[in-house]
Amino acid sequence: MNTENTAKKDERNLYLKNEDLDAAVEKYLALLSFDATEKKSHFLAVTESQGWVTKEPVFARISSPYYNASAMDGICVDAMAMIDVDERHPQILVKEKDFNFVDTGDVIADPYNAVIMIEDVVIKDDKQVSINAPVALWQHVRPIGEDIVAGELIIPAFHRIRPMDIGALLAGGITEIEVMERPKVGIIPTGTELVEAGEPMSAGKIVDSNTHMFAGLVKEYGGQPNRYPTVRDDYDLIKKAIAKAADENDVVLISAGSSAGTEDYTRKLIAELGEVVVHGVAIKPGKPVVLGIIKGKPVIGIPGYPVSAYFIFESFVKPIILAFNHQTFNKGVSIKAVLSKRLMSSLKYLEFVRMKCGRVNDTFVATPLDRGAGVTMSLVNADGILKIPKNVEGYDAGDVVEIVLMRPQEEIENTLVSIGSHDVLMDIVANIIHKNRKIMSLSSTHVGSLGGIMAIKKGECHIAPVHLLDKETGVYNCSYLKRYLEKEDAVLIKGVKRTQGMMISKGNPKNIRGIEDLTRDDISFVNRQRGSGTRVLLDFLLKKNAIEPTTILGYTREMNTHMMVASAVKSDSCDVGMGVLSAANMMDLDFIPIGDEEYDFIVLKKNLNDPRIQIFISVLKSHEFAEALNQLGGYGIENPGAIVEV
1 MNTENTAKKD ERNLYLKNED LDAAVEKYLA LLSFDATEKK SHFLAVTESQ GWVTKEPVFA
61 RISSPYYNAS AMDGICVDAM AMIDVDERHP QILVKEKDFN FVDTGDVIAD PYNAVIMIED
121 VVIKDDKQVS INAPVALWQH VRPIGEDIVA GELIIPAFHR IRPMDIGALL AGGITEIEVM
181 ERPKVGIIPT GTELVEAGEP MSAGKIVDSN THMFAGLVKE YGGQPNRYPT VRDDYDLIKK
241 AIAKAADEND VVLISAGSSA GTEDYTRKLI AELGEVVVHG VAIKPGKPVV LGIIKGKPVI
301 GIPGYPVSAY FIFESFVKPI ILAFNHQTFN KGVSIKAVLS KRLMSSLKYL EFVRMKCGRV
361 NDTFVATPLD RGAGVTMSLV NADGILKIPK NVEGYDAGDV VEIVLMRPQE EIENTLVSIG
421 SHDVLMDIVA NIIHKNRKIM SLSSTHVGSL GGIMAIKKGE CHIAPVHLLD KETGVYNCSY
481 LKRYLEKEDA VLIKGVKRTQ GMMISKGNPK NIRGIEDLTR DDISFVNRQR GSGTRVLLDF
541 LLKKNAIEPT TILGYTREMN THMMVASAVK SDSCDVGMGV LSAANMMDLD FIPIGDEEYD
601 FIVLKKNLND PRIQIFISVL KSHEFAEALN QLGGYGIENP GAIVEV
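For the sequence shown, the UniProt record's numbering begins at 1 and goes up steadily by one.
Keep in mind that the hints are not guaranteed to be accurate.
[As the list claims (entries may be wrong)] Here are the simulated lysine-lysine pairs, BS3-like style, with alpha carbons at most 30 Å apart:
1. K494 to K506
2. K284 to K336
3. K40 to K27
4. K471 to K543
5. K336 to K184
6. K295 to K336
7. K27 to K39
8. K240 to K39
9. K458 to K387
10. K40 to K318
11. K39 to K295
12. K39 to K341
13. K435 to K606
14. K606 to K458
15. K605 to K457
16. K494 to K605
17. K287 to K205
18. K244 to K40
19. K318 to K244
20. K605 to K487
21. K510 to K458
22. K297 to K287
23. K331 to K284
24. K297 to K184
25. K287 to K390
26. K219 to K39
27. K341 to K605
28. K95 to K127
[Said to hold, decoys possible] Per label pair, the in silico range of CB-to-CB distance:
29. A546 to S622: 38 to 46 Å
30. E393 to K457: 24 to 32 Å
31. K205 to R407: 26 to 34 Å
32. G633 to H42: 53 to 61 Å
33. R407 to S622: 22 to 30 Å
34. N508 to E413: 46 to 54 Å
35. E624 to F34: 34 to 42 Å
36. S41 to V195: 35 to 43 Å
37. E488 to E413: 17 to 25 Å
38. K240 to R407: 40 to 48 Å
No wet-lab data here; the hints were simulated from the structure. No residue lacks a Cβ here, since even glycine has one placed at the ideal position from N, Cα and C.
Could you put the whole structure together from the sequences, leaning on the hints where they help?
Okay, structure coming up:
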């Protein structure tokens, strides 16, 4: 790298200002030109026009129907000749003299001006019928232009074409339509660490997923994505890429490099090539966004963390694409929901929290997902977004909050809400339900067994997976129902037996043999969160073996799921972790079994007949579920789905 480039690299960016989101959006859009009348357009076959935006209003060329048409199967008659007909004075009609048979859609022409439904006709023979009720003029006849009249407006200018619009256009005789060119959105991935999906991975490399997400969102909102090859962290190379993209597109997105590090060049380059309007917005996640203008075109530097990237796209890029297409920005459908746990927030930022939602009895319940800016799966699993305003410290459990939905409300209402202990079998159940029972889905949030009991007690979920050992009796789960849920009249749905133990690296390089090895100076451990059944089991074993938790390196390091523990062991960030055999098998780890436990599901007795719970029970009893567990290994299936009252 040359001296000038090295100097540029050594400089650290400073945020210009952390502006409020709404003010930043308004300020930025005000500086951009979205005159739709100046946009280029082209003609497109109506049958290929879905999702495109009309350039001009479209008027019908022909009427629909194009002729007077029968609206029913029956006979066509002259209504004026039927005036005196009633039950006391039926009339015999002769085919081709007084009537003709017609089907729905047939032409009604002189001398006929009405249709009698076939159900109201008494057929005498092939030539004669009888009627016994008067006939109104033009009854059951669709007149010319009943749907569309030639010359009337079908759809206006700047209208995004929907499937029903296509039907109306074709019915009105329109086969070709003028549509606006979609805004071209150039997408530049930057970062020496980036690789394409499927390429060999190594430490320090990251799969470029963000720009493919951007491309999909651009298409969804009516733009044309133009994704460029990845540019490594080189000032001059990125500068050339931005300049090229600004020449070739209406909007430019630069992925990563928008923060304040020594290799975050986006702000400097936009300033050098054009103008920086905003650097830094008071939102979380997504703070280090760069909003710029080059050659009159919006150029946006987007943070590299996937969740931050998504919210910046939704907040800034979406309204820009919609504005190019003369469309209105819709903030989405929202519901009121009860918050299941306390949420604290910084006073400095508007925070977007991903939420799982479900309807329990007559109340929507919302549970926060992982809040990390790099947790892509929190977007995949989210049902909606809770916005915690700037200058608000957060919300308490039980508060009613507004959730902007990311899924249809009907899906959320048909969701079985599970809050409690984690096991990979919940993913299996969810998949079987989704595959075989499209009327409902399973939402599973992992807060530990005790957290699940509290969620049942507060009416925040339908079922709570638990595996809690009674240290006195050695029996799982039953005593906890008596202790915490006796007034609620809860029962157990029997689940499975599973093997708990110690997950270790393949080949057991540290020669770990049992619980007593956790105190060794050369052994690092990773724990489950407080309240989890695995944590309760570990503490029971430590007490039994007279081991002080403070003597274990990593005892206070917590993970929320068995798979996270297994991943930590697999990645060598620890030597050992407690978990289930199935998770160890999935991550190809060695395993030291400690014992079997019972993984069951708490449900209120009054909810047992809920169709969602009945479907859940049927899945537990299914052959498909048993086969899936057999493939994973580490499970015992005795009487799943049985109801146990304690």
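Quick rundown of the hints versus the structure:
1. For the hint linking K494 to K506, the alpha-carbon distance of about 33 Å lies beyond 30 Å, and the restraint is violated.
2. The straight-line distance between the Cα atoms of K284 and K336 is roughly 22 Å, inside the 30 Å bound, and the hint therefore holds.
3. Using a Cα cut-off of 30 Å, the hinted pair K40 and K27 holds, with the two alpha carbons roughly 26 Å apart.
4. For the given pair, K471 sits about 10 Å from K543 by alpha-carbon distance, which is consistent with the 30 Å threshold.
5. With a C-alpha separation of about 37 Å, the suggested pairing of K336 with K184 is violated against the 30 Å cut-off.
6. Pair hint K295 plus K336 does not hold up; C-alpha atoms about 44 Å apart against a cutoff of 30 Å.
7. At most 30 Å may separate the alpha-carbon atoms for a hinted pair to count; K27 and K39 meet this at roughly 23 Å.
8. Of the pairs offered as hints, the one joining K240 and K39 holds, with about 27 Å between alpha carbons and a cut-off of 30 Å not exceeded.
9. Between K458 and K387 the alpha-carbon distance is near 24 Å, which keeps this suggested pair within the 30 Å criterion.
10. For the hint linking K40 to K318, the alpha-carbon distance of about 20 Å falls within 30 Å, and the restraint holds.
11. About 16 Å separates the Cα atoms of K39 and K295, which keeps this hinted pair within 30 Å; it holds.
12. Between K39 and K341 the alpha-carbon distance is near 49 Å, which puts this suggested pair outside the 30 Å criterion.
13. The straight-line distance between the Cα atoms of K435 and K606 is roughly 28 Å, inside the 30 Å bound, and the hint therefore holds.
14. Of the pairs offered as hints, the one joining K606 and K458 holds, with about 15 Å between alpha carbons and a cut-off of 30 Å not exceeded.
15. Of the pairs offered as hints, the one joining K605 and K457 holds, with about 13 Å between alpha carbons and a cut-off of 30 Å not exceeded.
16. Restraint check for K494 and K605: the C-alpha separation of about 14 Å stays at or below 30 Å, so the hint holds.
17. Our distance criterion of 30 Å between C-alpha atoms is met by K287 and K205, whose separation comes to about 24 Å.
18. Only pairs whose Cα atoms come within 30 Å are accepted, and K244 paired with K40 is accepted, the gap being roughly 21 Å.
19. About 22 Å separates the Cα atoms of K318 and K244, which keeps this hinted pair within 30 Å; it holds.
20. With a CA separation close to 11 Å, the supplied pair K605 and K487 stays within the 30 Å bound.
21. For the suggested pair K510 and K458, the alpha carbons sit about 45 Å apart, so the restraint of at most 30 Å is broken.
22. A C-alpha spacing of about 22 Å is found between K297 and K287, which places the hinted pair at or below 30 Å, so the restraint holds.
23. As the CA atoms of K331 and K284 are separated by approximately 18 Å, the hinted pair is consistent with the 30 Å bound.
24. For the proposed pair K297 and K184, the alpha carbon gap of about 11 Å is at most 30 Å, so the pair holds.
25. Of the supplied pair hints, the one linking K287 and K390 holds, its CA atoms being roughly 13 Å apart against a limit of 30 Å.
26. Taking the CA atoms of K219 and K39, the gap is near 18 Å; set against the 30 Å cutoff, the hint holds.
27. As the CA atoms of K341 and K605 are separated by approximately 24 Å, the hinted pair is consistent with the 30 Å bound.
28. Proposed proximity of K95 and K127 is supported: the alpha carbons are some 5 Å apart, at most 30 Å.
29. A C-beta distance of roughly 45 Å is found between A546 and S622, which places it inside the suggested range of 38 to 46 Å.
30. The beta-carbon spacing between E393 and K457, approximately 26 Å, falls within the hinted interval of 24 to 32 Å.
31. Between K205 and R407, the C-beta spacing of about 33 Å keeps the proposed range 26 to 34 Å intact.
32. Range check, G633 to H42: about 59 Å between beta-carbon atoms, so the 53 to 61 Å window is met.
33. Between R407 and S622 the Cβ separation comes to about 26 Å, which falls inside the hinted range of 22 to 30 Å.
34. At roughly 49 Å, the beta-carbon separation of N508 and E413 lies within the given 46 to 54 Å, and the hint holds.
35. Distance hint check for E624 and F34: the Cβ-Cβ separation is about 52 Å, which falls outside the suggested range of 34 to 42 Å.
36. Taking the beta carbon of each, S41 and V195 are about 39 Å apart, inside 35 to 43 Å as hinted.
37. Between E488 and E413, the C-beta spacing of about 23 Å keeps the proposed range 17 to 25 Å intact.
38. Taking the beta carbon of each, K240 and R407 are about 41 Å apart, inside 40 to 48 Å as hinted.
Violated hints for the displayed structure, listed by number in ascending order: 1, 5, 6, 12, 21, 35.
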